[in-house]
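Which chain is which? The protein sequence lines are X and C, in order.
Under the working numbering, the first residue of the first sequence is numbered 172, with each subsequent residue one higher.
Under the working numbering, the first residue of the second sequence is numbered -13, with each subsequent residue one higher.
Derived by calculation from the structure, the hints in this document are not laboratory data.
Glycine included, C-beta positions come from ideal geometry on N, C-alpha and C.
There's no promise every hint is true.
Unchecked claim - Here are the simulated lysine-lysine pairs, DSS-like style, with alpha carbons at most 30 Å apart: (1) X:K195 to C:K0; (2) C:K176 to X:K174; (3) C:K292 to X:K228; (4) X:K337 to C:K247; (5) X:K337 to X:K249; (6) C:K17 to X:K343; (7) C:K(-8) to C:K176; (8) X:K550 to X:K524; (9) C:K233 to C:K0; (10) C:K389 to X:K228; (11) C:K247 to C:K292; (12) C:K22 to C:K0; (13) X:K524 to X:K481; (14) X:K553 to X:K643; (15) C:K0 to X:K249; (16) C:K233 to C:K247; (17) C:K176 to X:K252; (18) C:K247 to X:K228; (19) X:K238 to C:K54; (20) C:K58 to X:K524; (21) C:K134 to C:K292; (22) C:K17 to X:K228; (23) X:K255 to C:K389; (24) C:K233 to X:K242; (25) C:K0 to X:K252; (26) X:K252 to C:K234; (27) C:K262 to X:K249; (28) C:K58 to X:K238; (29) X:K524 to C:K176; (30) C:K58 to C:K17.
Stated by the list, open to error - Counterexamples of contact, computed for chain C against chain X with all Cβ distances above 10 Å: (31) N(-3); (32) A153; (33) T331.
Take a look at the letters that make up each chain.
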Amino acid sequence: MAKVTIDGVEVDVQDGINVIEAAKAADVHVPHFCYHPSLTVVGQCRMCLVEVEGMPKLQAGCATPVKDGMKIHVYNDKVDKARKGQMEFLLINHPLDCPICDKAGECPLQDYSFNYGSVESRYGEYKRTYPGMDRTAIGPHVVQNMNRCIHCTRCIRFTQEITETKELGFFKRGAATEVGVFPDTPLDNWMSACVTDICPTGALTTREFRFESRVWNLDSAESVCNGCDVGCNIFVGHRNGQVFRYRPRVNPDVNDHWLCDYGRFSHERYETDRVVVPKVRNEDDYLGISTWIEALDAIAVAFNGTSGEKIAVIASANMTNEEAWLAKKLFADNAGAATLDVMVDAIGPIKMKTRTEWILGTQGAPNFRGVQNVGVGAKTTKTVEQLMTEGAAGIDVLYICDAGFSDRAKDPQVIANLRQAKTLIVHSWDVNHPLNEVADVLLPATVHVEKEGTFTNLQGRVQRIHQAYPPKGQAVTDVEIFRRIGVKLYPAAAEFRSADVEEMFETMRGDVPALANVVWSDDGSGAVASQPA
Amino acid sequence: MTEPIKVLTANIDKPNSASIETYGDYAAARKALAMKPEDVVTLVKDSELRGRGGAGFPTGMKWSFVPKNAPKPTYLLCNADESEPGTFKDRVLIEQDPHLLLEGMLIAAYAIGSCPMGYIYIRGEFYFGATVLDKALEEARAKGFLGKNIFGTGFDFDMTVHRGAGAYICGEETGLIESVEGHRGQPRVKPPFPAVVGVFGGPTVVNNVETLACVPLIVKNGAEWFKGFGTPKNTGPKLYCVSGNVKKPGVYEFPMGINLKELIYDHCGGITGDRKLKAVIPGGASAPMLLPDEIDLPLNFDAVMKAGSMLGSAGIIVLDESVCIVDAVWRLAKFFAHESCGQCTPCREGTNWLESILDRLERGEGRPQDADLLLDMSDNIGGKSLCALGDAAIGPVISSVRKFRDEYVYHVTHKSCLPGTRRYRRLDMPVAAH
Ligand SMILES: Cc1cc2nc3c(=O)[nH]c(=O)nc-3n(C[C@H](O)[C@H](O)[C@H](O)COP(=O)(O)O)c2cc1C
Ligand code: SF4
Ligand code: SF4
Ligand code: SF4
Ligand code: FES
């Protein structure tokens, strides 16, 4: 440990960490551009200059390790002059086109300009431009505007040190230095869009989000990507019930600062018309719009007309722990369903980097492990696989908790096999899903950004997702669907009285060993799961 | 009058001076390899040899910074990038007496310890020098002076010549290291310092050609002999490169500390056309200018520093009264802007801005605030950049604005150069891309 003084505040920090990190302990922000905690230190932007007592020159905070007894000044006149000087240098050739720049509103260059920039420019020369490099697609997702670049090399280092794909480099030198891709080497790797997050300017933006929305007009919800079982922490950027983008939410233990491109853009699957009302098949074999009451009645008729051995339930690895737990309560424990199982499609593998190591996502849904943990699939007469391939003949009620439980559920043969059940009940949110057409009861379901609850990732880490916006139309979350069915079929059962998922989680601790010892991290958003031995 | 000496340059006028037959059998290296490495370091420390590459850092001390028992091998890099404008001394040694350098490197490698490999990083333009060095290396290997088990002492060492592509910044030691590794020539942030983590991750010593050439002489003749040249802390024979408006430009060897005025007027024959002296740049392009009344001083590290400039690479550039100062400074600024590697903010943006303003002043488009802007901006570059190129770039600017402010003002008010001065550039010359 080292005792250092930062702007008069004495703090104990780990010996040898840099001044930027040490200052955080004193709650002092050292302005910086090129420093990034997950990339090597290069000391290039010179924005982080600080005064260290006893050293004649100002020192780069990113490249200066603290030593015991160091006295550091982050804010004094000398540093201020230097910092404003660097800011001026960065801005003389910057187009300052914030009004049409997608980064505006969350741009470190813009923020520091407010703090350290000058209203009047002393620069009376022509601005440097990079003709032909102001709207270049340098890869499938990333668009470059070199005029806005401040040469911090974060993007270059990302491709060198994280993906190790090395598509980007510095070209030319001096004031003409440019960042670009090597010839015939587009920025096309599985995490390419991360460069747009770490770019401190609008020089790199994603093709998908470009010109879609001013960032301050977006609301943000803390959630988890459901692309695979890594469970990267995200912010959902949304407005008016529409997702505009996912952004990584820093979690050093899971995805650090990163997202894979597949996951980042996986919300595009939600850009479809939605199932917004329940439907029930009538005597004329017509699947017509119904009320929730009619739909629940139809479900009750189906369940009351059979017994547990003839009930089969296909859960989904897209369900939250709470949904899965309540499904198990409803179908296995109360209805006595003989078959309750879950499956997951394989994906990738997708490589994701925590702060220290690589982890591999191999499942195409976020919560296979969590759904199994609550007991789904533990005791089942048939597996999902059997239902899909051997058919559901002899089953009275086949309840599919999520039409998207597998991509194979779109296969006509599989659909025909599942349809062999006497009554087919399906939750679905995608209006185009082929299972919808064959259902006897179709319930409008929700996508994961409309839900509250938890997912358990491949590490066994339990992570909360938060609702970005309410469900569409008459859709409700699976928790609410199961609760409504439970109240109707088993009015005496206590577990269906409340749909409060946080309360439910506490109850689940007593029931599910894997959840018993979960400790929430400070902000309560990303959970740290401590597994039972 | 101080007489020129022939110590470092002792061999250069001999016929076939570059061949090993002329040079001899590496007696100094034989002597050094029979000593303990620490004792060689101590000897060099005692000689008070200071680096000839520009900073004047004590060489023995630099060698002693190399950690013992590092997990990776140590490397010795010879800095033969010689690209500071006004500097052309290393070239003479490389082309005329390469074995002096090779012997110096052999001794240095032995002294710093666990150093199996040396690199001579030579600027691309020195093609001839590179061929001379390659030939000399062949000769030394043939004699067994390089390779395995040198002189039967069990010491293994070899070296190779690495040609650069002609970038000034590759003369900066960490830029040089990057370039040797095959990367883009751009300096590294310190710490770690090269002595701890340098080329290929191993501890690395970077020394200038002339520095290394002094080493065999010290080993052969002793530290006291070496200190016999010059004054305490500023010892040894020294090569001075004189260029600009003097009658006899060239490389001169003197004991460290020749008087600058004497050098210009007595040894170099005075100013061309017997015109009046206007300014002297005493240590390569980056050294602040001295006025005629400031040049009565010994050319050694400490005295020039005290006079507000630096000895640097001892490239003395003489400017006479016919030179337009703004034009001269513009040229220097253009050099630095062109050679900036572009990675750090103050140098990438600042050097280019400096050049633009100076260019405008020369074109008669100066503004009253320009002189102060140049000074203030220089202050935002100096000491703020990642490597010393930023500091180098402001040397001529700051000193000229302070010392020739009237001439700057004249450019603004009259939209032309001072009468009687000339610029060396046609103003319709296109401004080249970097
Ligand atoms: C921009 C810049 C350019 C330099 N160019 C050279 C050069 O061409 N030759 C050289 O010997 N040293 C050059 N140096 C100095 C080297 O960084 C280094 O200090 C020197 O090679 C060390 O050798 P010495 O201790 O023997 O002087 C340069 C330094 C800077 C900052
Ligand atoms: S494009 Fe962005 S991240 Fe890359 S160097 Fe420029 S400013 Fe930095
Ligand atoms: S690695 Fe998995 S969880 Fe992370 S962003 Fe990609 S798909 Fe989403
Ligand atoms: S000072 Fe100039 S040459 Fe040195 S690192 Fe910065 S940009 Fe490159
Ligand atoms: S953050 Fe330190 S130089 Fe960029």
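Hint check results:
| no. | hint | verdict |
| --- | --- | --- |
| 1 | X:K195 to C:K0 | violated, 66 Å |
| 2 | C:K176 to X:K174 | holds, 23 Å |
| 3 | C:K292 to X:K228 | holds, 19 Å |
| 4 | X:K337 to C:K247 | violated, 55 Å |
| 5 | X:K337 to X:K249 | violated, 39 Å |
| 6 | C:K17 to X:K343 | violated, 48 Å |
| 7 | C:K(-8) to C:K176 | violated, 38 Å |
| 8 | X:K550 to X:K524 | violated, 36 Å |
| 9 | C:K233 to C:K0 | holds, 26 Å |
| 10 | C:K389 to X:K228 | holds, 25 Å |
| 11 | C:K247 to C:K292 | holds, 16 Å |
| 12 | C:K22 to C:K0 | violated, 33 Å |
| 13 | X:K524 to X:K481 | violated, 45 Å |
| 14 | X:K553 to X:K643 | violated, 34 Å |
| 15 | C:K0 to X:K249 | violated, 57 Å |
| 16 | C:K233 to C:K247 | holds, 14 Å |
| 17 | C:K176 to X:K252 | holds, 23 Å |
| 18 | C:K247 to X:K228 | violated, 33 Å |
| 19 | X:K238 to C:K54 | holds, 23 Å |
| 20 | C:K58 to X:K524 | holds, 29 Å |
| 21 | C:K134 to C:K292 | violated, 47 Å |
| 22 | C:K17 to X:K228 | violated, 43 Å |
| 23 | X:K255 to C:K389 | holds, 27 Å |
| 24 | C:K233 to X:K242 | violated, 55 Å |
| 25 | C:K0 to X:K252 | violated, 57 Å |
| 26 | X:K252 to C:K234 | violated, 46 Å |
| 27 | C:K262 to X:K249 | violated, 41 Å |
| 28 | C:K58 to X:K238 | holds, 26 Å |
| 29 | X:K524 to C:K176 | holds, 28 Å |
| 30 | C:K58 to C:K17 | holds, 27 Å |
| 31 | N(-3) | holds, 38 Å |
| 32 | A153 | violated, 8 Å |
| 33 | T331 | violated, 5 Å |
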